[in-house]
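Trainee: One letter stands for each residue in the lines below.
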Amino acid sequence: MAEFKGRPGSAGQRPTGGDKAVATQKKQYFRRKKVCRFCVERIDDINYKDVRMLTSFIAERGKIVPRRISGVCAPHQRRLSDAIKKARNIALLPFAASI
Amino acid sequence: MRIYEELFIVKPDAAEEEIDQFIEQMKSVVTTAGGSVDKADKWGKRRLAYKVDKYREGAYVLFQFNAQPETVKEFERRLRVSDLVIKFLTVRIDETLKRLEKRKKDRDKRAHRKATAAPPAPAQPSVSQQMLGEAAPAE
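Chains A and B, in that order, give the protein sequences. Under my numbering, the first residue of the first sequence is numbered 1, with each subsequent residue one higher. Under my numbering, the first residue of the second sequence is numbered 1, with each subsequent residue one higher.
Honestly, I wouldn't trust all of these hints.
What the hints assert, rightly or not - Covered stretches of chain B, as calculated for chain A (at least 3 residues, CB under 8 angstroms):
| hint | region |
| --- | --- |
| 1 | 28-38 |
| 2 | 49-56 |
| 3 | 96-108 |
I should point out that these hints are in silico values taken from the structure, not numbers from a laboratory. Ideal Cβ placement from N, Cα and C applies to all residues, glycine included.
Using the sequences plus the hints, can you model the full thing?
Mentor: Next comes the structure, spelled out in structure tokens:
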């Protein structure tokens with residue numbers, strides 16, 4: 001009881017990951033839970049020749065997007081980074097892109 | 001025997017017949033060594049992601065073949081020696097194909113099991129309902 005007397009929502013609630021509410025001082029917002037695209041769409045084959053698919057996982061400068069941002073699960077990120085590196089090797093993707 | 005995939009880039013200023021001739025030559029390299037060529041696709045001219053030997057674009061050719069590891073060595077040597085080819089990449093894909101097939105099979109099996117398991121599934125709740133029904137008059 002006593003802890004709710006103060007600022008509501010800031011004391012008792014610890015910010016947890018996932019789709020739980022993240023309490024800030026002024027407003028509450030929800031962070032949508034990220035899901036792995038390869039798991040959801042059941043894509044088994046992450047092929048280095050599929051440039052269009054791979055480009056959605058590289059940043060503007062040609063870097064591989066980290067999975068904390070893209071939400072890809074670890075096993076798929078491993079295959080994805082392998083595929084991107086192969087594609088770079090054969091000039092399908094840039095090592096460093098100019099903007 | 002293993003399955004390999006070979007993707008190589010031919011100079012953009014090479015003539016079409018020249019490329020065809022080269023592809024035939026590479027096919028014979030595999031077949032004379034006792035392998036078999038499954039695929040030999042020309043992707044056509046594409047822009048390269050970065051400059052390779054001062055070229056901004058190149059003609060991609062994709063080979064898929066079944067061969068011994070020694071054959072690949074010879075294949076790669078030929079590509080390296082050839083003036084036409086500016087870049088190449090060899091990937092062994094038999095294990096990947098096997099893995100994909102297995103995943104597909106597992107997935108199909110699971111879907112099949114789900115489809116067959118669906119009819120007896122309502123039987124379980126009905127048992128508990130019966131038990132509930134028995135328990136109900138006692139109350």
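Trainee: For each hint given before, does the structure comply? Return the numbers of the non-compliant ones in rising order.
Mentor: Number 1 only.
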